[in-house]
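Novice: Please construct the entire structure, taking both the sequences and the accompanying hints into account.
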Amino acid sequence: MNRIDSFKTLMDKQSELMPILNLRKESMESSEYKELLICGGTGCVSSQSNLLLENLNSEIEKHGLSDKVKASITGCFGFCEKGPIVKVFPEDVFYVEVTPDDAAELVKSHLVDGHKLERLLYEEPTIKEKVNTQHEMEFYKKQERIALRNCGLINPELIEEYIANRGYEALGRCISEMTPEEVIEEVKLSGLRGRGGGGFPTGLKWEFTRRPKSEVKYVVCNADEGDPGAFMDRSILEGDPHSIIEAMAINGYAVGAQKGFVYIRAEYPLAISRLRTALNQARESGLLGNNIMGTDFSFDIEIKYGAGAFVCGEETALIHSIEGSRGEPTTKPPFPAESGLWEKPTSVNNVETFANVPSIILKGASWFNKIGSETSKGTKVFALAGKINNVGLVEVPMGITLREIIYEIGGGIKDGKAFKAVQTGGPSGGCITADQLDVAIDYESLSSIGSMMGSGGMIVIDEDNCIVDIAKFYLEFTVEESCGKCTPCRVGNKRLYEMLTKITEGKATIEDLDAMKNLAETIKMTSLCGLGQTAPNPVLSTMNFFYDEYLAHVQDKTCPSGVCQSLLKYTVVPEKCIGCTKCARVCPVSCISGKVKEVHYIDQKACIKCGACFDACPVNAITKG
Amino acid sequence: MQDTALSKELYQELESYIDSLESKETALIEVLHRAQNIFGYIPKDVQLFIGEKLNVPASKIYGVVSFYSYFTTEPKGKYVFSVCTGTACFVRKADAIVKELEKTLNIKTGETTENKLYTIECLRCVGACGLAPVVMVNDEVYGKVKVEDIPKIISKYSE
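Protein chains in written order, with my numbering: chain S, 1 to 625; chain G, 1001 to 1159.
Derived by calculation from the structure, the hints in this document are not laboratory data. Ideal Cβ placement from N, Cα and C applies to all residues, glycine included. Hints should not be assumed to be uniformly reliable.
[Stated by the list, open to error] Which residues of chain G face chain S? A partial, calculated answer using Cβ under 10 Å: (1) A1027; (2) F1039; (3) V1080; (4) C1084; (5) G1086; (6) F1090; (7) V1091; (8) R1092; (9) C1129.
[Claimed, not checked] Some residues of chain G that are not near chain S, with every Cβ distance over 10 Å (derived): (10) S1007; (11) E1013; (12) E1015; (13) S1016; (14) I1018; (15) D1019; (16) L1028; (17) Y1041; (18) D1045; (19) E1052; (20) K1060; (21) E1074; (22) T1112; (23) T1113; (24) N1115; (25) P1151.
Specialist: What follows is the structure, given as structure tokens:
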């Protein structure tokens, strides 16, 4: 593409390129020309969507359809549970779980014969019927896509398609028609708040970075998505890398910075490669580098790699890591806006926060702040995972209820099990119970019920998961990830973890529960950074809402969900036992006795609760509990 | 480093990478990434070498290497089985997969078999939560893994 030397050239380019998205934007019953978009996110690529694309292309060619049908990759559709996804435009048909071997049949049926391939259509679990088009799917009905606007619409590896969908227009407008103060004012008015967890107003952060007088300032994009179970930042970078580049440049213009860094996890190779491609394209087109679009504004971006440390999501730790040191947090103030990277004013924002910025500039703050709740504007992307039917990425307006997310969008609990809780906010958050499913979600409401928005991980827990075990899982995570700098976090969380282990082993007393609560509150109050201050949340919130389950472990020495091994008791039901001796033969400690064709007996004292007998019994005569 | 000729080549590769860097003061983490790419791990000698080249004290380098879980000072097997133990995989019973791998390969997590063929690791969330539980073998991703799939997966990597 030629270099874009002015805002006008960009807009001309936009009008010239716009028609390439016509088929995708206008839903029509049918058309002679068609486009196939195949999901190219990490989840679907792991399920061979690259090979699928290759096969589709060769089938299209085989049938002589190459001049009428185009197939290419796009960013995450969010419907990860049923990947790989193939969407056919303009008729909006949504195929799920398409394997490379299905390519021939799909092309023959849909493109040559003109019949939808029924077999690969999505079946709505609630009505058990096949759904023809994407907009009829319950999963998408309540979603509103701002941050994910280009995912599933454009090919992330082509800057032309980004520009065709008004890409870089917001940047052009900022640097040619707005003052930095006006840009900041617009972001402030929009009510956008940090999507990485804290929820700090983005416009204010920008203003604080603009204020100090300094020749050198920096913009940092926090793509160190360390919260296990959250994958929205990865999906945005893979599916729409240009939107992050554009927003960082806007941020640079607003605060007076010429240099930006994307700090990204080394575990995200696909996101890194897409971002790198996008950076090169932006530089070649004059949309990054010196004198962007012929103005005085210059800005460039460099990628810095994380190396596996959760604490680096904390902004001061992240800054130290970019500087090439151990990623240990430091006390605030000074805030990075005053003294950040190499002691220069630095504006650190999360990927999803940035992804909202171009739309805010294009459509205006008054459009954005009409979406959402009183205190939390816009949308939030949640990563739905765990025991839910539709695992995936959803973007919903703030203020929606958990019930809508889990039962309408998420399709309910897997295998018809009973809902127990949903964990939000990752290792810093807490559990939300069935009674709270109708709470309208925003930053404030989630903290008021002892959880937090966090980065937007939403893990659904069912009756088969033990709540103490879940709390222990998160504590194990924080203990491993604690940087060790301050004592409450380094030692306190370790002790908490040991207490939880004692509970799951049936060795704890009621006094231990009290001590645990005390300790948790002390850690919260005295830790240095966000990691330590929030680490006890999973314990406190589960103790608050599921105290019965803790009591069962401590007083009755049982695990109601049958998860904690030391508390399990395997017994033979005499009426069911057929005396086949299978259990006795697999028992590694020979603690099962009984003669052939007679009822067997498990010696509880010797039993090591390995569960081998339970698995081996052909007539389900052994119970666990 | 048994093969000294090979090892010399590797050091040269690292050296030319370091020489190509514009600013050396802040490049430590990039250099460590590259070193681990080249050598497969970052033993003490390599750390000392980097220290000399970047003019950074060895103590700082060791501090950084030991801080980040991505860096390892021990060589790994030819095939690294990484089980995702992120929350989504955890609630879908990733621990049973870890146990089965440990039992079948007869090593513990973090260890490497004597023939240097297999290593078992746990990692935090690869972000493919729709496929939970997930096992990665080097760069290959296996999704929705069941305990009974393990022997079949291992048998694909037998030499």
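Novice: Going back to the hint list, which numbers does this structure go against?
Specialist: Failing hints, ascending: 2, 3, 16, 20.
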